[in-house]
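Asker: Take a look at the letters that make up each chain.
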Amino acid sequence: MLDAKIPEGPLEDKWRHYKEHAKLVNPANRKKLEVIVVGTGLAGSSIAASLGEMGYRVKTFCFQDTPRRAHSVAAQGGVNACKNYKNDGDNVFRMFYDTIKGGDFRAREANVYRLAECSASLIDQAVAQGVPFGREYGGYLNNRSFGGVQVSRTFYARGQTGQQLLLGAYQALMRQVHLGSVQLFARHEMLDLITIDGKAKGVIVRNLDTGEIERHGAHAVILATGGFGKIYYLSTLAMGCNGSAIWRAHKKGALMANPSWTQIHPTSLPQSGEYQSKLTLMSESLRNDGRIWVPKKEQEDRLPNQVPEEDRDYYLERRYPAFGNLSPRDIASRAAKERIDAGYGVGPLKNAVYLDFSRAINDQGVDKIREKYGNLFRMYEKITGVDAYKEPMKISPAAHFSMGGLWVDYELMTTIPGLFALGEANFADHGANRLGANSLLQACVDGYFIAPYTLANYLADEIRTPATDIHHPAFDAAAKQVEDQLHLLKSIGGRLSADYFHKTLGKILYDKCGLSRAAEGLEQAIREIKALRQQFYADLFIPGGLAINSELEKAGRVADYLELGELMCHDALTREESCGAHFRVEYQTPEGEAMRNDKDFAFISAWGWAGENLSPVWNKEPLTFEFVTPTVRSYK
Amino acid sequence: MGQWTQKTLTRKNWMAFTGLFLCFFLVIHLLGNLQLLLPDERAHLQFNAYSHLLSGNILIKIISWVLYASIIAHVVYAVIITLTNKRAGDVKYHYDRRGEVSKWYTRNMGLLGTIIFIFLVIHFRDFWYVYKFGSLPLDAQGNKDLYTLVVAVYSETWYVLLYVLCMVALCYHLLHGFFSAARTLGVYHPRYVQWIRVIGWIYSVGICAGFALIPIYVHFLK
Amino acid sequence: MHIRLKIWRQENSQDTGKMQDYALADVNPDMSFLEMLDMLNEQLLGQGQRAIEFDHDCREGICGQCGVMINGRAHGPLKNTTTCQLHMRSFRDGDTIYIEPFRATAFPVKCDLKIDRTAFDRVIQAGGYISVNTGQAPEANSIPVGHPIAEAAFDAAACIGCGACVAVCKNSSAALFTSAKITHLVLLPQGAVEAQERVRHMVDQMDAEGFGHCSNTEACEAECPQQISVLHIARMNWEYNKAQLLKK
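Residue numbers (this note's numbering), protein chains in the order written: chain G, 1 to 636; chain R, 1 to 222; chain P, 1 to 248.
So that you can see chain G by itself, here it is in the shape it has in the complex (with noise of 0.2 Å):
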């Protein structure tokens, strides 16, 4: 039974409490004290500038060629914080509570509570940063609604609110840079967590321009390296996000919390080929104006302009009355994938459905819509050539936010001691969904306000610890077998690329793993990324040599995601209910909606890492539920 030490007392105490009680390292002693980040979004630089700024020596590690690259900055909505400025009876409690409903009650009470209650102390540190919030006329701050709440609690910049936050956590980390505080190392990809007497002292990375292996010793690490969406090849991640460092993490003992929950976003452009690298994200707000629909006639093959009022399902509106068009993420993302499956899908590949605005413009004015939607529209047209204010979108879901990750307790600290998770990378606040808007305050609120704290707590008995020693046995185990899995993989010489192994387990993890799973599919699944693993170690081939080699970069990401998928699978075959974006086919109600099962998984699963082709080892941390009460989610 895994504790997550969540303190004692009321919810709205907990914090403060841990806060008037957690240990604390004296200034003068922090200097002695070593923290490396790895990973520079959100939650990664800020905390190493925080970090930086307590007078601790922080290394920080990215594989981009900046900090200011990283993933965080594709954000597109808002960032939400319960201020309560549009004084629509916002609190701490009522973010909490449409936070974990969201999740389908699979988080933790006291960690969502947190997360609530640090949001307002978020945007005064981000505006204090610089950060270029949207603003009313009197010059006070504004608020849009987002999906899944009744109140106006999302703070934006307008469709850049996740490069904005990133700009301020960057330039604040690029200050503690310039003052010494901070060691930046771009290019670099961790590839082994060391832990020596079962804590995490350091990584083993790789300087992606010269190839070299580099060993870095600390007292304590920090994992924010991100969600693992990418392993559907297909999604709205960054070419780059990879799963790789937590993977490495979960082999050296660290455990991994529900790694098959991934949101699917709904509106996102569908795949127009085989050579598709990417699917972009079309902000969910276009879903405040924007009508979805099929046709009700399979292989319509008019036009979306020339199909007429009743020849069309608007089946969001059908099935969802009260919710309508803005039904949460993972129930819009699989009405639409149960149409598109039922044949009514659209579009060349009939893999889209349609967004349509004719009745916001006939009502509104093109120029009320091209006010508001207007950049969303010219980044359509951009990548498909096609102008949707003459026609209605074309859009489909895609995997976008890992809810899973890094287990880790109330402190951030996983399963090994002096390993902390940050922001996406671990599992905490989301619950089986997430609600927009959410995922840019969780990073935020790990790194500035939370870690802080909790890693002091950790270090403050690392006082007397001397620096980590860099020839210690452990780094040499690490550095040997890191270079040995870069050789293997090199000298294999077969002939079918990383990507080509990456799209089929894509492919596998979507059609079996995705919006609906299966008990049947999921062990076909598994038998057939095992196979895929075997022929992965037969017929890859890797040209170039070891320095800049994007080739060698994919391939070692890809051998990480043949075993990560792997346990996604085992994830959702033992999850017997439906929550969340977690959707069993057996368990659903005859009108086709989720149906949970709290009596018997009302729990977090935490997979521990066995060995090679071994099954995982299955963890369980029970959810109680003190103040709230589970209840059925219904937008209808």
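Hint data in this document are derived by calculation from the structure and do not stem from the laboratory. Note that the structure is a prediction, hence the values are computed from the model and not measured. Hints are not guaranteed to be accurate.
[Claimed, not checked] Listed below are the simulated DSSO-like cross-link pairs for lysine-lysine, each with C-alpha atoms no more than 27 Å apart in a straight line:
#1 P:Lys170 with R:Lys7
#2 G:Lys251 with G:Lys199
#3 P:Lys79 with R:Lys92
#4 P:Lys79 with R:Lys103
#5 P:Lys6 with R:Lys92
#6 R:Lys86 with P:Lys6
#7 P:Lys247 with R:Lys7
#8 G:Lys503 with G:Lys251
#9 G:Lys368 with P:Lys79
#10 P:Lys79 with R:Lys86
#11 P:Lys170 with R:Lys86
#12 R:Lys7 with P:Lys248
#13 P:Lys18 with R:Lys92
#14 G:Lys620 with G:Lys251
#15 G:Lys480 with G:Lys199
#16 G:Lys199 with G:Lys19
#17 G:Lys368 with G:Lys382
#18 G:Lys297 with G:Lys390
#19 G:Lys382 with P:Lys79
#20 P:Lys170 with R:Lys92
#21 G:Lys390 with P:Lys79
#22 P:Lys242 with R:Lys7
Using the hints, position chains R and P against chain G.
Answerer: Same frame as chain G, but now just chains R and P:
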């Protein structure tokens, strides 16, 4: 070291200051030269008297030294800036169509400046040098007879052509120079930027048309 | 469609490098430009050759990592569009496409089309931030910022740091990049506090990195994927001159 440790923006400021002073000078110079367009007899004596005035006055002397210094500084800074820019981008593209997104004369200020510089050398030799160090006959009022020299020089067709062509080069140089100087000195408000554009355009065309008109007028009508 | 490619190949930063010819058949006009390069790399891999290295990540125009010269234009023939958002429908069947890395002395080539843009990081390190520590922030609404000012600050802050402004500039000047950050921060009351120090340090660093002078050709604005205005450069000059005059 000196120049080499100056910041890029400081160097650009000097370009702007010297350039704007030369712009100011051009106005004065043109106003003086417009006397050449007066009826023959009046123009003859008045122009020579004006020239004499310019060569004798201490205030004018100081201004002329500032003028020479400006020309030299403008050229020296242009060379320094060009060399630094060359170093900043020393590898050429194999296929370069960057020009499609900017105006040709904004990219070729150095070339236009060189044309103007060559013109200046000729111009100084023909008039300034002869007036200062040559032996010019005196007119009825006892002033050096620059007027007759001017009329004589402008009677040469090739000289008039060269003069007009150089004025076209000057016009483009001013068109970008005036506007660019304002930018360098920090005019960033969109409204004033628009005004500067219009004023710069009127100024450049006005100055150059005026200067080009004089030799043409003298050539054909005197 | 069928296209011919002339691509810069360079083993490493020491190598002299050269343009190399490739041909690619069955290119789909709906492919993005980078997907066309993926396809070429698959073809090269099939022939046992080293893949062409190019920078890219998000492929939706926001991370700023992609960026090459395509037919002599930064990010290709479309204005205000990143390389990843350019699609093959912008080319014709039978076209020859030249692909070269962004060039500037401050952006050395690392391999093929990959370049080193860490100079931009160092310019930001010199002062492109507001010096506020985590925890110091006052209540967000205690600093009202007028709507037009907030919007103008956003316009400047939208820079994605791709380096197209430097690549297209005949002087390899980083004035647009540097000035966008200076304007973003000076417009906001919380950023105005250290405006003078910031502008002097950032301009000094910009020079130290070996970028050239701005000669106001305005090519950078035309190619900038975020349409950052050249007026920010004038604003930077204004702030710099003010800072120099008021320096103690």
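Asker: With reference to the structure, classify each hint as holding or not holding.
Answerer: Hints, verified against the model:
About 19 Å separates the Cα atoms of P:Lys170 and R:Lys7, which keeps this hinted pair within 27 Å; it holds. Proximity of G:Lys251 to G:Lys199 is assessed by CA-CA distance (about 14 Å); at most 27 Å being required, the pair is judged to hold. Between P:Lys79 and R:Lys92, the direct Cα distance comes to roughly 21 Å. Compliance with the 27 Å bound is thereby established for this hinted pair. Taking the CA atoms of P:Lys79 and R:Lys103, the gap is about 15 Å. The hint holds against a cut of 27 Å.
Of the supplied pair hints, the one linking P:Lys6 and R:Lys92 holds, its CA atoms being roughly 15 Å apart against a limit of 27 Å. This hinted pair checks out: R:Lys86 and P:Lys6 have alpha carbons roughly 25 Å apart, not beyond 27 Å. Pair hint P:Lys247 plus R:Lys7 holds up; C-alpha atoms about 15 Å apart against a cutoff of 27 Å. Restraint check for G:Lys503 and G:Lys251: satisfied, since their Cα atoms lie roughly 24 Å apart, inside the 27 Å limit.
About 25 Å separates the Cα atoms of G:Lys368 and P:Lys79, which keeps this hinted pair within 27 Å; it holds. Between P:Lys79 and R:Lys86 the CA atoms are separated by roughly 26 Å; this keeps the pair inside 27 Å, and the hint holds. With a CA separation close to 9 Å, the supplied pair P:Lys170 and R:Lys86 stays within the 27 Å bound. Proposed proximity of R:Lys7 and P:Lys248 is supported: the alpha carbons are some 18 Å apart, at most 27 Å.
A distance of roughly 12 Å separates the Cα atoms of P:Lys18 and R:Lys92; the hinted pair therefore holds under the 27 Å criterion. About 18 Å separates the Cα atoms of G:Lys620 and G:Lys251, which keeps this hinted pair within 27 Å; it holds. Distance restraint check for G:Lys480 and G:Lys199: the Cα-Cα separation of roughly 20 Å lies within the 27 Å cut-off, and the hinted pair is therefore satisfied. Our distance criterion of 27 Å between C-alpha atoms is met by G:Lys199 and G:Lys19, whose separation comes to about 24 Å.
Only pairs whose Cα atoms come within 27 Å are accepted, and G:Lys368 paired with G:Lys382 is accepted, the gap being roughly 21 Å. Annotation: proposed proximity of G:Lys297 to G:Lys390 holds, straight-line Cα distance about 22 Å (limit 27 Å). Proximity of G:Lys382 to P:Lys79 is assessed by CA-CA distance (about 12 Å); at most 27 Å being required, the pair is judged to hold. Note on P:Lys170 and R:Lys92: the hinted pairing holds, with a Cα-Cα distance of about 10 Å set against a maximum of 27 Å.
The straight-line distance between the Cα atoms of G:Lys390 and P:Lys79 is roughly 23 Å, inside the 27 Å bound, and the hint therefore holds. Simply put, P:Lys242 and R:Lys7 have alpha-carbon atoms about 15 Å apart, close enough for the 27 Å limit, and the pair holds.
Checked against the numbered hints above, the structure violates none of them.
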